[in-house]
Structures are given as structure tokens and as C-alpha cells.
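Enquirer: Taken in order, these protein sequences are the chains called C and H.
Residue numbering for the first sequence follows this note's numbering, starting at 1 and increasing by one per position.
Residue numbering for the second sequence follows this note's numbering, starting at 1 and increasing by one per position.
Since the hints were derived computationally from the structure, they do not count as laboratory data.
Quick caveat: nothing in here was measured; it's all calculated off a predicted structure.
The reader is advised that the hints may include incorrect statements.
[As the list claims (entries may be wrong)] Calculated pairs, SDA-like style, for lysine to any residue (alpha carbon to alpha carbon, straight line, at most 20 Å):
#1 126/C <-> 16/H
#2 123/C <-> 3/H
#3 270/H <-> 161/C
#4 123/C <-> 12/H
#5 46/H <-> 166/C
#6 181/C <-> 166/C
#7 4/H <-> 223/C
#8 270/H <-> 204/C
#9 123/C <-> 46/H
#10 270/H <-> 213/C
#11 5/H <-> 204/C
#12 126/C <-> 46/H
#13 126/C <-> 4/H
#14 270/H <-> 236/C
#15 126/C <-> 7/H
#16 4/H <-> 236/C
#17 5/H <-> 206/C
#18 4/H <-> 206/C
#19 46/H <-> 161/C
#20 126/C <-> 8/H
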Amino acid sequence: MTLSRTAAPAAPRTRPRVRPHRAPERRRRGFLAYWPQYLAISPFYILFAVFGLAPLLFSFYLAFQRWDGIGEMQFAGLDNFQYLISDDVFWLSLWNTLLIWVLSTVPTLCLALVLAVLLNSVKRFKAFYRMAFFIPNITSTVAISIFFGALFATNYGLVNAALKAVGLPEVAWLQNTWGIKIVIAVLTVWQWTGYNAIIYLAGLQTISSDLYEQAKVDGANAVQLFFHITLPLLRPIILFTVVLSTIGGLQTFTEPKVLLGDTAGTGQSGLTMVFYFYRQAFSHNDYGYGAAIAMVVLLVVALFTILNWALVQRGEGGRARR
Amino acid sequence: MSPKKARGLLLHGVLIAGTILALFPFYWMVVMATNSTADIYRFPPKLTFGSQLITNLRNVLDSIDFFGSMLNTLLVAGTTTLLVLFFDSLAAFAFAKYDFPGRRALFAVLIGTFFLPVGLAVIPQFVIMVELGWVGSLRALIIPAAANAFGIFFLRQYIQNAIPDSVLDAARLDGAGFFRQFVSVVLPIIRPGLAFLGIYTFIAAWNDFIWPLVVLVNPDQVTLQVALQQLNGVHGTDYSRIMAGALLSVLPLIVMFLIFARNFVSDLAKGAVRE
Numbered sequence: 001m002t003l004s005r006t007a008a009p010a011a012p013r014t015r016p017r018v019r020p021h022r023a024p025e026r027r028r029r030g031f032l033a034y035w036p037q038y039l040a041i042s043p044f045y046i047l048f049a050v051f052g053l054a055p056l057l058f059s060f061y062l063a064f065q066r067w068d069g070i071g072e073m074q075f076a077g078l079d080n081f082q083y084l085i086s087d088d089v090f091w092l093s094l095w096n097t098l099l100i101w102v103l104s105t106v107p108t109l110c111l112a113l114v115l116a117v118l119l120n121s122v123k124r125f126k127a128f129y130r131m132a133f134f135i136p137n138i139t140s141t142v143a144i145s146i147f148f149g150a151l152f153a154t155n156y157g158l159v160n161a162a163l164k165a166v167g168l169p170e171v172a173w174l175q176n177t178w179g180i181k182i183v184i185a186v187l188t189v190w191q192w193t194g195y196n197a198i199i200y201l202a203g204l205q206t207i208s209s210d211l212y213e214q215a216k217v218d219g220a221n222a223v224q225l226f227f228h229i230t231l232p233l234l235r236p237i238i239l240f241t242v243v244l245s246t247i248g249g250l251q252t253f254t255e256p257k258v259l260l261g262d263t264a265g266t267g268q269s270g271l272t273m274v275f276y277f278y279r280q281a282f283s284h285n286d287y288g289y290g291a292a293i294a295m296v297v298l299l300v301v302a303l304f305t306i307l308n309w310a311l312v313q314r315g316e317g318g319r320a321r322r
Numbered sequence: 001m002s003p004k005k006a007r008g009l010l011l012h013g014v015l016i017a018g019t020i021l022a023l024f025p026f027y028w029m030v031v032m033a034t035n036s037t038a039d040i041y042r043f044p045p046k047l048t049f050g051s052q053l054i055t056n057l058r059n060v061l062d063s064i065d066f067f068g069s070m071l072n073t074l075l076v077a078g079t080t081t082l083l084v085l086f087f088d089s090l091a092a093f094a095f096a097k098y099d100f101p102g103r104r105a106l107f108a109v110l111i112g113t114f115f116l117p118v119g120l121a122v123i124p125q126f127v128i129m130v131e132l133g134w135v136g137s138l139r140a141l142i143i144p145a146a147a148n149a150f151g152i153f154f155l156r157q158y159i160q161n162a163i164p165d166s167v168l169d170a171a172r173l174d175g176a177g178f179f180r181q182f183v184s185v186v187l188p189i190i191r192p193g194l195a196f197l198g199i200y201t202f203i204a205a206w207n208d209f210i211w212p213l214v215v216l217v218n219p220d221q222v223t224l225q226v227a228l229q230q231l232n233g234v235h236g237t238d239y240s241r242i243m244a245g246a247l248l249s250v251l252p253l254i255v256m257f258l259i260f261a262r263n264f265v266s267d268l269a270k271g272a273v274r275e
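Chain C on its own, in the form it takes in the complex:
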């Protein structure tokens, strides 16, 4: 679903605790004495510098240039950004991305939470269920996008056949601005609900059952237990999944690209920001403008990540988190 599916599936629950339990190396010594340790950690930092950070900085530089990838670069100042602001296609792609993101993230996380609570209260076949719900996540987005294309095909797709069988009219799913977004959203929900449920389930298992027993004695019902114990205690994990889903969702590319091809479908309604970025850069060889789009995508991702953070933190209702 994302540009980099290697994005971490796991992150610290609170601020990462960097200090190990007890470092066996107690004597303070100079830098040189630690050369094996620096050598051991250096591959990651070298690779990140060369293939991650440097390209990112270069992207920033490139956003202020005009470049077709072959000829000389020309300084363009703010031209790329000025054009971007007046570029209807860019705004369309932003709108498409946000719609698809909301349509897919909200159901995914809500369903995952319900699923996790169900999985947590079941005793038998636990391992089987966890495995079954996780399998969608390990399948490639390319294969599954092709599959969903067939499933939602207008004339021969199974979904329309089912609609027809119960007497409902067929829907031209992939020729319709909303249909396209719904198909992508359904695909995402299918692929990511189990993954998030497994994460929530792990969080649920850390909540002590004493809390629930206590509340039950006080006369709380299941709904109250969920809203007053489960939800508040899961908040850090929910925040984590919201942030990851946002970073991933705002970079949606593979699904519309495979489902719709380079045209991005009817009225370009499957054109996401990253799709537009990819098309400008690699189909039209407009690297400068492509880089400008990438920078704005980066900004949007950062903005939404911070927004998520602030919203979920504020939702804690002033209760100080230790």
C-alpha cells in the first residue's frame, strides 16, 4: 500500500528507552576503544545517508530546478511551487488521496479494534484465527489489486453478479469516480484490518484482568468496560497505528496504478498524490516538478502526522500520561 512497505510494523509504546538494562561495559573509555561497536552500527547509517537522507535533501534542491533528467538543470526558483498551486490536477490528486485515506483508514482501524476485542475473548482456535486474519497482509498489493479489478469488473465481476442475483442494478465500479475510490478502500480494509487487529490484540493482552474484574464488581457493563478501560489503555497503540496508517495511506500508489493504469481511471479519480508524482517524474520526465510534488506530499504527511498526534494526545482529556 505504501511506497515503502518496510515501514516499521512496530514502534516504541512511549518514548524509546535507550538505556539498556545494565550495560556490562562500565568503565568510561574513549571513542577509539569502542571501534567494534561503531563498526557494527555503521552499515545502517552509511546506507541511510547515501540512499535515504542525501536523496531527500537532493529532492529538496531539485524542487527549485527545471530538469528533464538528461540536459542541464536550470534554476527555477519558486516556479514549480507556483505552478503547483494553480495546478488543478495536483489539487484533484490531493482530494483523491484524502478521500481514499479516510474511506480506508477509518473502517480499517474500527474493524481491527472490534476484531481484536473478539479475538481476545475467544479461547479456542486462537492461533488459527490470528493466522487467517493476517494472511491478507502478506500477499502482494499488485496481485491483490489485479484480483480486485476482476472482482469489481462491470460485466463479469463477481460483485455485480451478486448484485444482479438479488435484483439490484449493476454498478460500473471502475468507471465511476466514487466507485474507484470505494474499490481501493475495500481493498485496503481487506489487506490491513488483520494486521492492525494483531497489534491491538497484543496491547489488549497487557491490560490486567483485575481492572475488568474490579469494574464489573462496581457494576460496569461491557460497553462501559470498553470505553472506560480498554480504549484509554490502548491509546498509545491506537496512536501508533493511526500514524502508520496515515503515513502509508497518504502515499497510496500501487492500488490505483495496477487497477487503472497510467490514466488513473475515469476523470483521473484514482490519481493519488504519489501517482501524480510518479507520472510527472517518470512518464513525463519532469523531474523538477516531480520533486516539488514530492516535497508537498512530504509536508502533507508531516502535517497529518502532527495533527494525529495532537488530536489523540488531547483526547486523553488532560489526564497526564506517565
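Given the coordinates of chain C, work out where chain H should sit on it, guided by the hints.
Expert: Quick look at chain H alone, frame taken from chain C:
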């Protein structure tokens, strides 16, 4: 029936319905891959397996170099996984058990990279590959992915929990240095953690799409995902052929996952909540 029993039945009913929804696409994929396209296009649709699997698979092999791209993918995913396991575990050991100057800051930087969408820097990444002469070469996929923050983070926690300091102290008394301890003490103990990270890395590399799409310019060097989308582009309506290809591409991962699944799922979950 007691209310408790009824609730249990309802619970399993809902979960089984969910399981069917989660697994149905695979069933339907097999249905399409084993029927002729004409059968798929019938109304009402045929809901059972057909006998055309061999024909459809032969069609796939005729239209794309399936085994060539599979070999490329295996090579990329396999090599990447081995490199990641080696580099990540070394770094994780250093972070978990040594207190070298700058460790806190360096680790904070590492965590920070989780949140950087570096995939968006794909234009300069491509330019760098051009400069290095790696465009169209599998190196362009393997080398940049040879070490990653998630693996270091995960294994660091694993090492902290799994390896008592006393064991390392004992090794040190015997004169074992950093690398000696790594090979003879750390590696054998963290094998389960390495297994999880290995499968995880392998799956991610196998499914990677945008970067291979950009950087593998020669048609004979594509990976499976790129080949698959080409098949879809050319034979967009020949569903039985396309589904046979899609099935071939997801089957190896599913088989691998089923073999290791039990530990895989719980390790992933643990990584998310452990501090």
C-alpha cells in the same frame, strides 16, 4: 443452552464469518485460475474449480518470463534478507549491550527514520543509481535495503530480553571480544528473533513494487511484481491467465507463512507493545 454457551457460539460465528471474508479472495483466485475465461464470463458465474489450470499456467509462461522474474525476485529477497540479518543483528548487539559515547543520540536518529517517507526521494535515488551504473541491475534493489531501522530496533529489544549480561561477562572473562561474543554467544541465542525478521524482510522484498518498477529498465530483469503488472496491462481481460499468474506469485509466500506463522504473528505483536 446457557447464555454463556450461546455467547461463545455467536463469537465463533462472527469470527468464522470474518475468516471467510479474509480468505475468500484466495478461493476465488483459484476458481478463476482453474477455469477458462469463457467460464468466468458466464452468468451466473461458475463458483467451483475447473480443469483449465495447466492451460492457464502455460499461457502465463508464454506471455511473460515468469521463471526468470521469479529467479530475480528470489535472488533479491534472499540476498537482502541475509544482509539485513547480519548487519541488523550486529548493530542491535552494540546498541543493546554496550554503552559507547553518542549511543543515545544515534539510536534516536534511527527511531526518527521510521517516520521519514524516504520513498518519496525516488528521483534522486534513481539519479544515484545512474551515477553508480546500477540501473537495470539487481544491486540497485539489494544494497540500499541491506540494513534497516526496524530490524535493529526489533533485535535490540530481543537481545536485551534474551541475553543476560552475566553470560556476556563470562565470555569476556574468557577473552572474547565484541565480534567473538557476537558469533558464539549472541547469534545462537537470538535465532528465533532472526527467524521472524528474516521472514518479515523476505516478504517485504518479495512484494516491493515502485522501486523495481523505476529502476529495472530492462524487460528481462524485472521482478515478479513488475512482470505481473505487465501481464495485467497486456491481457487486461484474460482473467484466467492473469489470475493464474497472480496465484503463482502469492502461493510461495503463503506456503512459507503457513510454515512459520505461529511465531511470526506473535513476534510481530510483541514488537509493537514491548518497551
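Enquirer: Evaluate each hint against the coordinates.
Expert: Hint check:
no. : hint            : verdict
1   : 126/C <-> 16/H  : holds (12 Å)
2   : 123/C <-> 3/H   : holds (17 Å)
3   : 270/H <-> 161/C : violated (42 Å)
4   : 123/C <-> 12/H  : holds (10 Å)
5   : 46/H <-> 166/C  : holds (17 Å)
6   : 181/C <-> 166/C : violated (24 Å)
7   : 4/H <-> 223/C   : holds (17 Å)
8   : 270/H <-> 204/C : holds (12 Å)
9   : 123/C <-> 46/H  : violated (37 Å)
10  : 270/H <-> 213/C : violated (25 Å)
11  : 5/H <-> 204/C   : violated (23 Å)
12  : 126/C <-> 46/H  : violated (33 Å)
13  : 126/C <-> 4/H   : holds (18 Å)
14  : 270/H <-> 236/C : holds (15 Å)
15  : 126/C <-> 7/H   : holds (16 Å)
16  : 4/H <-> 236/C   : violated (32 Å)
17  : 5/H <-> 206/C   : violated (26 Å)
18  : 4/H <-> 206/C   : violated (25 Å)
19  : 46/H <-> 161/C  : holds (11 Å)
20  : 126/C <-> 8/H   : holds (13 Å)
Consistency note: the structure conflicts with the earlier hints numbered 3, 6, 9, 10, 11, 12, 16, 17 and 18.
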